[in-house]
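Peer 1: Each chain, written out:
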Amino acid sequence: MRAATGNVQKEYLLRTLSFCVLTLVVNILLILFSFRFRSDHSVSLLGFGKLGSIPIRTATAILILGCIGLAGSIAPLVKRLKVEVNVTFYITATGVVSALILWAAVGSIFDMVGLVALSLRLSTPIVLGAMAGMLCERTGVVNIAIEGMMLTAACVGFAATVYLNSLWLGLLCAILAGSVMAALHAFLSVSMITDQIVSGTVINILAVGLTGFIRRSFLVKAKLSRTAILPIISIPLLSKIPILGTIFFTNQPIVFFMMILVVLLTIAFFKTRWGLRTRAIGEHPEAADTVGINVFRMKYLNVMLGGAVAGLAGAWFSLETTGSFDDMMTNGKGFIALAAMIFGKWHPVGAFIGGLIFGFSDALQIIFQIKNIPIPFQFLWMMPYLITMIVLAGVIGKSTPPAADGEPYIKR
Amino acid sequence: MNLLKKLDKEWYRKLLLPLLAIITALAIGAVIIAASGASVIDAYQGLIEGAFGKPRAIAETLVVTTPYILTGLAVAFGFKCGLFNIGVEGQLYAGAVSAAFVGYAVKGLPVFIHLPLAMLVGVLGGAVWGAIPGYLKAKTGGHEVINTIMMNHIMLRLTDYLVKNPMLDPTASIPRTAYIEKTAYLPKIIPAFRLHWGFFIALAAVFAVYFILYKTTVGFEIRTVGHNQSAARYAGMNVTKNFILAMAVSGGLAGLAGANEVLGLNYYLPASFISGYGFDAIAIALLAKSNPFAIIPSALLWASLRNGAGLMQIRAGISIDLVNIIQACVIMFIAAPAIIRWIYRIKAVKAEGGMILTKGWGKA
Amino acid sequence: MPAVGVDTNDELLSLRGIVKAFPGVLANDHIDFALRKGQIHTLLGENGAGKTTLVNILYGLYTPDEGEIRINGRTAHIKQPSDALSFGIGMVHQHFMLIPIMSVTENIILGNETTKYGFINRQKAKDKIRSLAQQYHFDLDPDALVRDLPIGSQQRVEIIKALYREAEILILDEPTAVLTTQETGELFSILRSMKDEGKSIIFISHKLKEVLEISDVITVLRNGKVVGSVKPDDTDEQQLASMMVGREVILQVEKQKMIRGAAVLKVGNLRVNDQRGLCAVNGVSFEVHEGEIFGIAGVQGNGQTELIQALTGLTPFQTGKISINNNGVSGMNPREVTVLGTAHIPEDRQQYGLVLPYPVRDNLILCSYYAAPFSRHHVFDFPSITSEATRLLEEYDIKAPGIHTITDTLSGGNQQKTVVARELAREIKLLIASQPTRGLDVGSIEYIHKKIVEARDNRCAVLLVSTELDEIMSLADTVAVMYKGEIVKTIPVEEATKEKLGLLMAGIDA
Ligand SMILES: Nc1ncnc2c1ncn2[C@@H]1O[C@H](COP(=O)(O)OP(=O)(O)O)[C@@H](O)[C@H]1O
Ligand SMILES: [Mg+2]
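Heads up: the protein sequence lines correspond to chains Y, Z and B, in order. Residues in the first sequence are numbered from 3 upward in steps of one, following this note's numbering. Residues in the second sequence are numbered from 103 upward in steps of one, following this note's numbering. Residues in the third sequence are numbered from 516 upward in steps of one, following this note's numbering.
Hints listed in this document are in silico derivations from the structure and should not be mistaken for laboratory results. The structure displayed is predicted, hence computed values, not measured ones. All C-beta atoms, glycine included, are put in the ideal place defined by N, C-alpha and C. Just so you know, not all the hints are guaranteed correct.
[Claimed, not checked] For lysine-lysine, the following DSS-like pairs were computed, each having C-alpha atoms within a straight-line distance of at most 30 Å:
no. : chain 1 : residue 1 : chain 2 : residue 2
1   : B       : 552       : B       : 631
2   : B       : 641       : Y       : 81
3   : B       : 1013      : Y       : 273
4   : Y       : 373       : Z       : 343
5   : Y       : 81        : Z       : 241
6   : B       : 631       : Y       : 347
7   : B       : 965       : B       : 1004
8   : B       : 999       : B       : 1015
9   : B       : 836       : B       : 710
10  : Z       : 116       : B       : 914
11  : B       : 1013      : B       : 710
12  : Y       : 347       : B       : 746
13  : Y       : 413       : Z       : 449
14  : B       : 999       : B       : 1013
15  : B       : 746       : B       : 772
16  : Y       : 413       : Z       : 391
17  : Y       : 347       : Y       : 84
18  : Z       : 317       : Z       : 391
19  : Z       : 391       : Z       : 343
20  : Z       : 391       : Y       : 84
21  : Z       : 343       : B       : 836
[What the hints assert, rightly or not] Label-pair distances were calculated between CB atoms; the ranges are:
no. : chain 1 : residue 1 : chain 2 : residue 2 : range
22  : B       : 846       : Z       : 395       : 37 to 45 Å
23  : Y       : 92        : Z       : 266       : 47 to 55 Å
24  : Z       : 416       : Y       : 110       : 35 to 43 Å
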C-alpha cells in the first residue's frame, strides 16, 4: 500500500509555486527597470491638486517597490507566514502600476487627483453594468446581454436626443430602451426557458443589427450628428472640499447616479422585503414559490430593472461622453462589467471597487498615451481585457454566485 | 416500410421549425422594410439576385460560405462539449496571422510543403488561442463566454500591433503584411472567379468533424462531457482534457478559416481585418442545431444574406444592417421554438432536446 | 367504500376524486381523502404511490387534472401556494425548502415579512420565533445560518415556518426519512402537542411502526389509488404491509450462508473532506472480503457519499489508505479504479450513472467504450457494441423498445437496471453499490437485490451503502453503522436488530 497524500495538496502547491515564480520574475524585471533611472538622477513629480506636488527619486522608489514585491513573492513559500498567493498578486500588481506611474511622472507633474477622478468617470458604465448584472443574477437570471442593452440604450438615447431635442428626454428613452431589451431577455429566458446564455447572445446580436440599422437609416440622415453632453454639476459646499470635492462632488449626472445606486442597492438588497425575496429567488426559487412569492413576476421585475440600469450605462457613452453614436461604441464594456460583478461577489460595493480597478486601468492607458510613454498603445488597450481574465481565473479568491444562477425555474 | 415512414416524419419535423423560423424572420424583415417606406419586393429580389443572380454572384456566395462553414463548425464543436465558443473571431485572426507569417516569411519551399505548412500553422494558431480559454475553464472555472470575448479584444489589438510593427510591409501604402509567396497560394477552382480550393477543404472538414464526433471514442468523450460532466468523470473520462481538446479543435477550425482567407483570397493580411464571421458563426451553429451536415445549408443561407445585402441596399435603399436583424430573429426563434410553435400552432414533440451549456461563472 | 374517518359532518378538509397524470404515469387516480380537526391523518404508501403528488396538489404546487378540494365544507380553489397559505395550510416538504446561506429568521419570515417603510423588522420576527420554539419545547437560534444546522433542526425551522404563518393544517411529507430514531421521537412529541393545540396534521410515511404509533387514521395509497382507510387500533403491521404492497409477503431475499474469502477492499484510517473543505469522513477503517456483502447503514449525510467518492477515485482523500486487491488507490482516477476490477452503482443514477440524452446502447458501454472489442485505435466497432447492448438488454430484463431508445424516456427501475447491467457485465472483484434501490418500484428492488446477492455468490466482494435498514438487514452479511463521518460499530448481521442499529445510527453505542 502506498501512503496517500491526495492530489488536492499537490495542485495547491503547484499553483502557489507557479504564482511565486511568475511574480518573482516580474519583480526582478522591476528592479532591473529601476537602474534605467539611476544614471540620470530622474525625479518623479506626483501632483495632488491645489495641495501642490511631491518629488520622488524615481530609481530609489522603483527599487523599493521591486524589493517589497520580491519579498511578497517569496512569502507564500514560507509556510509559517500564511501568506496567500492572491496577496502576492496584489503586491506585485500594485508595484508594477506604481512604477509605471512614477515613470510617467518623470520630468512633468503627474496629476494624481485627475487620475482618480478620470478613473471614477471611466468606471461609471462598468459599475452600472455590474449592478445591472447583479439585479438579474440575484434573481437567478444570467445576463450576458448587458453589452447589447447598453449599446441599444446608447443608440436610442442619442436618437431621442436628436429628435426630441432634449438631453434629459434622451436619457429617459435610453433607460426605457434598456428595459425593453431586458424584457425580451426575461421573456426568452424566464417564459420561454431558452438557455440564458443563448438568449443573451441573441440580444447582443440583435442590438448590433438594430443600432446599425437605426444609425444608417436615420441618424446619418439627421441634421445633427453630434449633440451637447450632459452638464457637469458641482454640489454646493461639498465640492469645495480639497481633493475629495474634485473627485466625488464635481461630476456629470450619470456618475452621480452610479454612486447613489451603489448605496441604494446595498440597502435594498440587504434590508428590504424586496431584497430578501430577490435573494431568496436567486438561491432557491422553489422555496420562494412555496411561501407564496410570485417568482416569475419578481424575475421580470428585476431583469427589467437591470435593463434600466444598463440603459443608464448606455447613455453614459452617447449622452455623457461623446455626444454622438458610433457602431459598437460600448466596446465590450458590458462583458467587463460582468467581471466586475464577479470580482465584487455580487455585492454593489464590491462591484464598485471592481469597476474602479477597470476604470483605473482605462484611465492609465489614456494618460500614458497623452504623455507619450513608449509602450505600444495596443498593449495598454489590452489591459482591461487581460485583467478581466485574471479576475475570472479566481486569482481574487473564490466568488460564489447565487445558487440558482442560470437555472430556469420550471413550474409543474 | 414503416420505419422509413417514421424516419421521414422525423426529418420533416426536424426541418419544419428551422424553416418556419427563417420564414418568420424574413416576414419581420419585410415589416421593417415596409415601415421604412421601401418596397419589400425590390428589397428581397435584390437580396436573392445579389446572392445568386449571376455565376459570379454564386461564386462569391460560395467564397463567403467557405469561412462560414468552418466557423460554424467551430462553434458547433464547442456546443457538443457544452462550451460556448464566442471567440471564433479571435481564433480566426490567430489563424490568419500565423498562416500569413509562414506564407511570406518562409521562402524557397515547394508548393506541396509550403501550402500545407502554412495551413497547419494557421490551424495551430487558432487551436492555441482556443485552448487557452478551454484550459481556464477546466482549471479555474472562468466562464468561456467571457474569456473568449476578452480574447477576441486582445487578439484584435495584438494583430493590429503585429501588422503595424514587426510584420509591416514598409513598401505598402496601407498598413499590411507583405504578400505571401506564390508557393503558399491556395489555387482557384475556376480561374476567373475568386472561389478557391478552401471551399472543398471546408466540406472535407464537415465530414471529418462528423466522423470524430460520432464514430470515435474521442468524440464520444467530448459529447459525454458536454451532456453530463459528473457522468463523464464517473466513466473515467478526463473532463479537463476534453474541455481543452474541444476548445482547441474548435479554435483550430476557426484558425483554418483564417488561413483560408489569407492563402486563398487576399494573399496578405491587412491591419484592420474585422471579418464578423465569428459572430455569424454562432447563429449558423444554432440554426444547424450543431449538426455538422446541417452547417452547410445554414452557412449557405448566411452567406447569401450577407452577399445579397449589397444589391438589396442598392435596389431598395435599405441599410444592409437589416440582414443582422433578420439573422437575430432567426436565432431567437431557433432558441425559443415555443414562439414559433405558438404562432403556427404546432404541438411540441417530447424529448426535443434543448441546448445544454455549462452553467455558472466559476467553480462554486 | 365508506372508509373510516370519512365522516362528512365535521371534516375540516376533504379531497374528492383527485386525478393527476404525468407523462406515462397516473400519479393520482380518483383519490378521496378527508381530514378532521385535531387529527393526525397518515398517508401511507411505498415510493411512487403518489403521496407527494397528492399533497403538492393540496398545497397548490401542482394543478389537478380533475377533482375538488373542499375546506370547511366549501370548495377551495388552490392554484398556487399563496392560496394554500391563505387557507391556513402549511407544508414541510420532503426536500426542505430552505435557503442554506440565509439565517433561520430570514428563512422563516420570507414571504411573510413585517416591514416598516419597506424595511424588514427583524427584531419582532425573532421574538415571535423564540416564543413559538418555547411553546413547543425546543431550542432554535434565530440568527444561526440554516446550512450550519443539523438536519433535525432544519426540519424544525420548516415547522416553525408553517406555525409562523398560523397554519391550522400542517402537512409533513416523509419527515422521518432523514431522522434518527431519537429525533423521530422528539418530532412526534412536537406533533402531539400541536394536536393538543387543535391543529390538524397530514403525516406521510412508508414506515409501518411509526405510522401505527402516531396516527389517528391511516389512509393507504398504492399505484395512485386509495386502497383503504383504517384506524391504528384495528390493524397491525402485517395488514398495512399487504395493503401497501398489494400482496402478502414483505421483501425477503433468499441467500446462502456467507463463505468469506480473502480481503478485497481494505480501508485504513481514511479521512475525506467534503466540497466545502470540512471533514466528512473521519478516520474510517474496514475490510470487505470475497463473498461478503458489507453493509454500511446510517442516516443520510453522515459521510457515506464522500466515502464512496473517495473509494471510486471521484474525489481525492486527505489521509489514510485504500487498497483494492492489494493495489493502493491513492491518486488514482475513476478509470484506474475501474480497471482494478471495481464496479460502481452510484447513489444518484441520473447525475452520475447515466447520460440521459444518450440511447441505452451508449449508456451500456459508458465504462468500457475505450477498449476492444468496442473500439480499436479510438474508432468504434459498432457491430460488437450493438450485439453486446442487445445481449444486456435481454439478460437484465431492461424494458425498452430497443437499444436506440433514449435513456431519459425509461422508467426509474429500467434506468437503474441499465446501470446494474453495465457494471455487472464486466469481470469484477468488487462491487460498490450506493443506495441501489432508492425510489424504485418493488419489482425492480427485488430484481436488483437478487443481482447483488448473485454477485456475492460469484465470489465478488460487495460494499453496500443504504439508508434503508430493511435493505441492509436483508442483504448484508456484516453491518457497519456510520455516524458523523465515523464508523460507530461493525457487527455480523446475526447480531443486528433494528432497534440496535437505530440507536447506533444516532451515535449511541449501548
Ligand atoms: N414532476 C413529475 N413529473 C413526472 N412524473 C412525476 C413527477 N412527480 C412525480 N412523478 C411520478 O408520479 C408517481 C408518484 O410520485 P410521488 O407522488 O412522488 O410518489 P410518493 O411521494 O408516494 O413516493 C411516480 O411514478 C413518479 O415517478
Ligand atoms: Mg414522496
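Peer 1: So, for every hint listed, does it hold in this structure?
Peer 2: Against the structure, the hints come out as follows:
1. B:552 / B:631: At roughly 36 Å apart (the allowed maximum being 30 Å), residue 631 of chain B and residue 552 of chain B break the hint.
2. B:641 / Y:81: violated, 44 Å
3. B:1013 / Y:273: violated, 49 Å
4. Y:373 / Z:343: violated, 46 Å
5. Y:81 / Z:241: holds, 24 Å
6. B:631 / Y:347: holds, 29 Å
7. B:965 / B:1004: holds, 27 Å
8. B:999 / B:1015: holds, 17 Å
9. B:836 / B:710: violated, 52 Å
10. Z:116 / B:914: The given pair, whose Cα atoms are some 27 Å apart, holds under the 30 Å limit.
11. B:1013 / B:710: holds, 29 Å
12. Y:347 / B:746: Measuring from Cα to Cα gives roughly 56 Å; hence the hint is violated.
13. Y:413 / Z:449: holds, 19 Å
14. B:999 / B:1013: Holds, at roughly 20 Å.
15. B:746 / B:772: Since the Cα atoms of residue 746 of chain B and residue 772 of chain B sit roughly 40 Å apart, the hinted pair is violated (cutoff 30 Å).
16. Y:413 / Z:391: holds, 26 Å
17. Y:347 / Y:84: holds, 24 Å
18. Z:317 / Z:391: holds, 19 Å
19. Z:391 / Z:343: holds, 25 Å
20. Z:391 / Y:84: Roughly 50 Å between the alpha carbons, so the hint for residue 391 of chain Z and residue 84 of chain Y is violated.
21. Z:343 / B:836: holds, 28 Å
22. B:846 / Z:395: 37 to 45 Å: holds, 43 Å
23. Y:92 / Z:266: 47 to 55 Å: violated, 34 Å
24. Z:416 / Y:110: 35 to 43 Å: Taking Cβ atoms as reference, residue 416 of chain Z and residue 110 of chain Y lie about 54 Å apart, which means the hint is violated.
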